[in-house]
Every structure is written in structure tokens, then in C-alpha cells.
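Novice: Read off the chains here:
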Amino acid sequence: MTQQEWPLWEVFIRSKQGLDHKHVGSLHAADATMAIQNARDVYTRRLEGVSIWVVESTHVHASNPDDAAAFYEPANDKIYRHPTFYQVPDSIKHM
Amino acid sequence: METLELTQEEQFQARIDADVRIEPKDWMPEAYRKTLIRQISQHAHSELVGMLPEGNWITRAPSLKRKSILLAKVQDEAGHGLYLYSAAETLGTTRDQMLADLHSGKAKYSSIFNYPTLSWADMGCVGWLVDGAAILNQVPLCRTSYGPYARAMVRVCKEESFHQRQGFEIMQTLCEGAPEQKAMAQEALNRWWWPTLMMFGPADADSPNTEQSMKWRIKRFTNDELRQKFVDMMVPQAEFLGLTVPDEKVQWNEARQAYDFGEVNWEEFWNVVKGNGLCNQERLQARVDAWEEGAWVREAALAHAAKRAGRELAKSAA
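If you're matching them up, the sequences are chains A and B in order.
Mapping to UniProt numbering: the first sequence position 20 is 20, numbers consecutive.
Mapping to UniProt numbering: the second sequence position 150 is 150, numbers consecutive.
Keep in mind the hints are simulated off the structure, nothing from the lab.
The model shown is predicted, which means the values in this text are computed figures rather than measured ones.
Cβ atoms here follow ideal geometry from the backbone N, Cα and C, with glycine treated the same way.
Mixed in with the good hints, there may be bad ones.
SDA-like mimics (lysine to any residue), calculated; alpha carbons at most 20 angstroms apart, straight line [stated by the list, open to error]:
#, chain 1, residue 1, chain 2, residue 2
1, B, LYS106, B, ARG283
2, A, LYS22, A, GLU56
3, B, LYS25, B, ALA14
4, B, LYS34, B, LYS307
5, A, LYS22, B, GLY79
6, A, LYS22, B, PRO24
7, B, LYS307, A, LYS22
8, A, LYS22, B, GLU23
9, B, LYS307, A, ALA32
10, B, LYS158, A, ARG40
11, B, LYS67, B, GLY55
12, B, LYS215, B, ARG143
13, B, LYS307, A, GLN4
14, B, LYS215, B, ARG38
15, A, LYS22, B, ARG21
16, B, LYS67, B, GLY92
17, B, LYS25, B, ARG38
18, B, LYS229, B, LYS307
19, B, LYS25, A, ALA70
20, B, LYS158, A, SER15
21, B, LYS315, A, GLN4
22, B, LYS158, A, THR44
23, B, LYS229, B, GLN257
According to the in silico footprint, chain B covers these stretches of chain A (three or more CB under 8 angstroms from chain B) [stated by the list, open to error]:
#, segment
24, 4-18
25, 30-42
26, 76-88
So that you can see chain A by itself, here it is in the shape it has in the complex:
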């Protein structure tokens, strides 16, 4: 197999105006234009989207699952960041 594979692209779809683009999957395409056309065929056959983003997969940088503890645990003990941490007297309205 000497021939080069088409690059891999990650596909993001906005399902309707007002919502954000969401990752739906990936596909191979020679370039961005083809990636968008293929994404239309593969991921929006049933009106799933009104807008498509494609990003070449090699350009996606991800956090490392092994770092999850160090990365996310500091948020664990900061419950004062949540509104439920505070007691509001029953007589106080609109808060």
C-alpha cells in the first residue's frame, strides 16, 4: 500500500441556530472543501445540522487522561463556587 491515505478530519455540527457546534465524528477527505461536502453526506442526511465545522484531526490537542486527577481535583473542594453553598433566609426573594 504505497498510496497515501486522505487526512482525517473531525466534524462539528450546529444542529440549529442558537446552539453551539458539537462534535459528531470524523471522516477522511483530501481537503477542507471535500471534508465539508462529505460531512454533509455522512452526518446530515436527516436535517441534523445547519452549519458544519471541520478541523484536521492532527490539529486537535487534547489533555492527557493520566493528568485528570491533578487537573480537575482542585475544583473538588471549592464548593463555595456553587450557589447552593450559601444559605439564603426563606424570607428573601428573588435571589
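With chain A's structure known, arrange chain B on it following the hints.
Specialist: Using the frame of chain A, we list chain B on its own:
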């Protein structure tokens, strides 16, 4: 102080037991990765090869409506193949490698597609029975332990129920038609019933991988459990159509609250798996031809992309 230190593998199993999904960059046992690559790519190949028996009838569909539906369905199968190949690629294999394994005969696909589609009623049976069986297999896979596989399956399942319904509608239309049409429906059912039961794989006693796959929650039900469910689902539907499933042993068992049914012809099953089915060679040849005859398109698209990228670069340099 005694420390309870879990090995990586025990930690992995603990996450599975807690129904935490495994994602591509997470640590996983090599055997888990290999099993998934094998299963997902086989599944993808089945979608791809599955286009062939139905593609066979697109030009001969009896009406424009049926032709449009069949085209949409076959296009869906291509899409399902793509979702699944993408999921497998997150495990570190490549699309080219998977296709090479399919074309060399190393990788398997569902044996059901090695049976020929001889009459229009076969399009009914493929949708109603084959997709019905596929749905039973696929719905539990929406909760399979590997995230990308589960997400692909959610997408597949959403689209699959249209496939089954259009197949049932074809059968119903034939069964309500002329006696010749009804006979055609019965004849197709006679040919597809047993191969469909084989789709669930070997009997549990002969399925050595099932136990590990259940433990890893790749599989959620055993082959025999799903086969039983299928029979229980389909016998009443065949009765509704006024058709008879070709198995004299089919009988409602009040005590089990399930249908008893006859033994699958396992010799035929293994024979088709080994490559000696009616259409094994033809199907594989069609795939290889499509791949080889499409090589110039893949090359041209890359050359075109490189040329355009070069132009963009020149423009921004100017």
C-alpha cells in the same frame, strides 16, 4: 499500613463495572483494544458489504418510491460503515489497514451478505428480518463500554428502524397482493429465515469470546439470548403477514413464555464463515474492484488538494 494497590488492569475493570465509558486516550488492556478493533471493523465491513445485495435491486425496484427508499437505505449503510470505521480508527488502526484486511480475506463480515438476493421479496426480507436481527444486536451496543463505538451505534440505531419498517412494508404489500406475490414473499422467507438466525453467531457453548466480552461489557447479551428474542419477536410478525416460518419445531412454550425452535444448521454456518457461501467470492471481488478502480480518484483528489494548497501559499507569500 496496608495499601490496597490496584493494578492498571483492575482499575480498568473497576471503571467498566461502574459503567464508566472508556475513551480513546484512556489506558486499556491490549486484548480489549484488539477485540474492539476486530469487532468494530467487522461490523463496519458488514455495513459496506451489506450495500451489495441491495444495490443489486436499485435499478429494478418496482416503483420510483421503492427506488428512492432503497437508494436512501443503501446510502445509510455506507454512512454506518463510515461511523464505525471512524470509531475503530480511534483505537489506533487505520482505514487503509482495515480495508486491506477485508480485501485479503483476513477480516470477516456478517455471513448473511454471502447469500444472494434473488427476487424483489428479498428486499423485504433483508429489511424486515436482517435489519431486524441487526437492530437486536445493535441496540445493546449503544451502551457498550467503549465510548466512540457506543456513540456510533446510537447514530446507527436511529437510522436503522426506518430500514426495518420499509422491509416490513414491502412484505406486507406483497402479502396483500396477488397469490403469486404472496408466494414470492413466502419463498423469500423460506430462504432468509435460517441464515438470519445464524447472524447472532455460534451457540453460546461454541462462542469462547463471549465471556470475556461480557465481562468487558463490549457485549451485553449472549448470542443465544438474542436469537431467542429474535424468534419471539418475529414469529408473531410472520403470522400477521400470513406467512409461515420454515421451522416445524416453532411452537409457543407456555412455561418458558417463549417460542421453542429448531436447531440451526451449524455446518452451513461454519461453511459460509469459512468462505464457501454462495456469494463470498462475488462480494469480496466487488469490494476489491471498487477499491482498485477508485484508486485514481483518491490520487487525483490528493493531487488537487496539494495544488490548491500550493496556490494559497503562493498567494499569501505575494
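Novice: Each hint: holds or not?
Specialist: Hints versus structure:
no., hint, verdict
1, B:LYS106 - B:ARG283, "holds (14 angstroms)"
2, A:LYS22 - A:GLU56, "holds (15 angstroms)"
3, B:LYS25 - B:ALA14, "holds (17 angstroms)"
4, B:LYS34 - B:LYS307, "violated (38 angstroms)"
5, A:LYS22 - B:GLY79, "holds (19 angstroms)"
6, A:LYS22 - B:PRO24, "holds (18 angstroms)"
7, B:LYS307 - A:LYS22, "violated (31 angstroms)"
8, A:LYS22 - B:GLU23, "holds (17 angstroms)"
9, B:LYS307 - A:ALA32, "holds (13 angstroms)"
10, B:LYS158 - A:ARG40, "holds (17 angstroms)"
11, B:LYS67 - B:GLY55, "holds (10 angstroms)"
12, B:LYS215 - B:ARG143, "holds (14 angstroms)"
13, B:LYS307 - A:GLN4, "holds (16 angstroms)"
14, B:LYS215 - B:ARG38, "holds (17 angstroms)"
15, A:LYS22 - B:ARG21, "holds (19 angstroms)"
16, B:LYS67 - B:GLY92, "violated (38 angstroms)"
17, B:LYS25 - B:ARG38, "holds (18 angstroms)"
18, B:LYS229 - B:LYS307, "violated (55 angstroms)"
19, B:LYS25 - A:ALA70, "holds (17 angstroms)"
20, B:LYS158 - A:SER15, "holds (16 angstroms)"
21, B:LYS315 - A:GLN4, "violated (26 angstroms)"
22, B:LYS158 - A:THR44, "holds (13 angstroms)"
23, B:LYS229 - B:GLN257, "holds (11 angstroms)"
24, 4-18, "holds (count 4)"
25, 30-42, "holds (count 5)"
26, 76-88, "violated (count 0)"
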